[in-house]
Amino acid sequence: MPAPAASGNRRTIALGAALVLLALFPLAGATFYTELVTKVMILAIFALSLDLLVGYSGLVSFGHAAFYGVGAYALGLLAPKYEAANLWLTLPAAIASAALCALVVGAFVVRVKGIYFIMVTLAFAQMFYFVFHDTRFGRGSDGISMNFKPVAAIGGFTPFDLANATHVYYFVLAAMLLVFLFLRVVLNSAFGRALQGIRSNEHRMRSLGFPVYWYKLASFTLAGALAGLAGYLSALQFGFVNPELLSWHQSGNVLLMLILGGIGSLYGAVAGAFVFVALQEIYSSVTTHWQLLLGATIVLLVVFLPGGLASIAGLFKRAVVGDPDDE
Amino acid sequence: MSDAILATRGLSRRFGGLMAVGDVALELHTGRLHAVLGPNGAGKTTLINLVSGDLAATAGSIRYKGADITRYSPDRRSRIGIGRSYQKTNIFPGFTAFENCRLAAQSRAPRVLHLLAAAAAYRPVREAAERALDAAGLAARGDRVASTLSHGEQRQLEIAMVLATAPEVLLLDEPLAGMGAEEAQRMVALLKTLAREHAILLVEHDMDAVFAVADVITVMVNGQVLESGAPAQIRASPAVRRAYLGEDELHAAADAGVTGRGDPT
Chain D
4 MPAPAASGNR
14 RTIALGAALV
24 LLALFPLAGA
34 TFYTELVTKV
44 MILAIFALSL
54 DLLVGYSGLV
64 SFGHAAFYGV
74 GAYALGLLAP
84 KYEAANLWLT
94 LPAAIASAAL
104 CALVVGAFVV
114 RVKGIYFIMV
124 TLAFAQMFYF
134 VFHDTRFGRG
144 SDGISMNFKP
154 VAAIGGFTPF
164 DLANATHVYY
174 FVLAAMLLVF
184 LFLRVVLNSA
194 FGRALQGIRS
204 NEHRMRSLGF
214 PVYWYKLASF
224 TLAGALAGLA
234 GYLSALQFGF
244 VNPELLSWHQ
254 SGNVLLMLIL
264 GGIGSLYGAV
274 AGAFVFVALQ
284 EIYSSVTTHW
294 QLLLGATIVL
304 LVVFLPGGLA
314 SIAGLFKRAV
324 VGDPDDE
Chain C
59 MSDAILATRG
69 LSRRFGGLMA
79 VGDVALELHT
89 GRLHAVLGPN
99 GAGKTTLINL
109 VSGDLAATAG
119 SIRYKGADIT
129 RYSPDRRSRI
139 GIGRSYQKTN
149 IFPGFTAFEN
159 CRLAAQSRAP
169 RVLHLLAAAA
179 AYRPVREAAE
189 RALDAAGLAA
199 RGDRVASTLS
209 HGEQRQLEIA
219 MVLATAPEVL
229 LLDEPLAGMG
239 AEEAQRMVAL
249 LKTLAREHAI
259 LLVEHDMDAV
269 FAVADVITVM
279 VNGQVLESGA
289 PAQIRASPAV
299 RRAYLGEDEL
309 HAAADAGVTG
319 RGDPT
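Which chain is which? The protein sequence lines are D and C, in order.
For what it's worth, our numbering labels the leading residue of the first sequence as 4, then goes sequentially.
For what it's worth, our numbering labels the leading residue of the second sequence as 59, then goes sequentially.
It cannot be assumed that every hint is accurate.
Unchecked claim - Here are the simulated EDC-like pairs of lysine to aspartate or glutamate, each with C-alpha atoms no more than 20 Å apart in a straight line:
{"#": "1", "chain 1": "C", "residue 1": "Lys146", "chain 2": "C", "residue 2": "Glu241"}
{"#": "2", "chain 1": "C", "residue 1": "Lys146", "chain 2": "D", "residue 2": "Asp164"}
{"#": "3", "chain 1": "D", "residue 1": "Lys116", "chain 2": "C", "residue 2": "Asp133"}
{"#": "4", "chain 1": "D", "residue 1": "Lys116", "chain 2": "C", "residue 2": "Asp112"}
{"#": "5", "chain 1": "D", "residue 1": "Lys42", "chain 2": "D", "residue 2": "Asp164"}
What the hints contain is simulated information worked out from the structure, not anything from laboratory work.
Only chain D is shown next, with the shape it has when bound in the complex (with noise of 0.2 Å):
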């Protein structure tokens, strides 16, 4: 609920702050390095869209890298094979269908509750690997390759070009940011604000006249668009589209990554996919067995840390003023 005005600007300098490093990084030179924080940004648009279900609607789904995969796979398998795709086109393209994918799934799985709304998303997951990886539709376990980077051509006008690692850097930055905003401008919309009631207290928002399951159904589908976003820029990087992107390990990866950056807060699910990203490079440049080590700190931070990184400025102010707000 609304933030003291002091800590609601520290928190405006903080994100202002980050977002000059974010806007300055590029300029450093590393192509190596733009390109893993264009990684990272995807996989923050990723966990924010994931964190609109676990965080503010109360669903915990494990099947959310279904709606990715279909995000990925919308431009893999749209992609002409002797000419670039135009992004303004098949980036639509991707969103809607991945919203139609949540959709449909949604409508069967937000009928349920906890531990069942786990499992029965993680099912549909299965599902949707498996089309695409046993499937001729989706061109087995190999994925697809794609020969050319879309063009955001409008008419003849090229504003940028998506082949350049520095253009698809800012491209996924502008996203990210956006993402961001909308996210948080909806969670304080009537929408988000009954979405964060259900998660609260789903039995008295039915007695209050809430048709919960629709508002859970329009949750689930925006993630689900969100989710496929990020994946449609996943595969604008990397070219290339394989099942892998839908599989449970991804559902488990992004749920770690709200997991570490604290579930319920925006700042939390974007600085949960750097960190994610950040210990895997450390410990797999240390050890092949960097998952242990992955593991371990996830367990000790859970244990130590349960609100995320997200609640660490939150401990300092409790420690100094004594902050009797649980929640």
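Put chain C on the given structure of chain D with help from the hints.
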């Protein structure tokens, strides 16, 4: 009696072999407060759950403004004007008291397509929430996070949330439970005010309060209606005394009667 805003007929709910509510006929009228009394386990809360839609009836029907609403979902019943409060405080603990009411009022103006408009900026809903807080005596507590309110204040908030949905029928499940004397007094006054413009179904343990505010009283025992009528009639009913006051009092009354006759032959 045909102008009842809400009427149940043969309303029943079975849990396995237990008939929690059996064959209950009730009529609620605007401007009247209908209280339901009964010992624990009499089926009073189940009755409210049936009318509010939290529980599905196994038999019988509920009519509201001429429509059969027996199969309506709880949210639909709320939207057509049947509001309820809960015996166990059922609020949004992490939200402010104001936001609890604002959210409740928002259900009347969903504006779900206004994805980009701040919910808190919408005047009609804000004002409805403020009126509800004010009516429940919480005007000064709007900024407090609900979980930090006192128990009595949470009970007031419980009522305020229902009022914020602008209901025509109020189903109130023990609104006085756990309230201090002063808070209870204020709540009784509020109930009297509300009874003027609403049809109220009140389940309450506090006998003094019930007899102070009720226009009609129904006494339930073991899920059945024992007696229904004006407070004076209920007060005088021997059947009610027997069931509600319990065996001990009955013996005491009988003993008193025997002694009164003064003839221990």
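Status of the hints after comparison with the structure:
The suggested pairing of Lys146 of chain C with Glu241 of chain C holds, with an alpha-carbon distance near 17 Å, which does not exceed 20 Å. Proposed proximity of Lys146 of chain C and Asp164 of chain D is contradicted: the alpha carbons are some 61 Å apart, above 20 Å. As the CA atoms of Lys116 of chain D and Asp133 of chain C are separated by approximately 18 Å, the hinted pair is consistent with the 20 Å bound. Only pairs whose Cα atoms come within 20 Å are accepted, and Lys116 of chain D paired with Asp112 of chain C is accepted, the gap being roughly 17 Å.
Restraint check: the Cα-Cα separation between Lys42 of chain D and Asp164 of chain D comes to about 17 Å, which is no more than 20 Å; the hinted pair holds.
Hint check: a violation occurs at hint 2 only; the rest are consistent with the structure.
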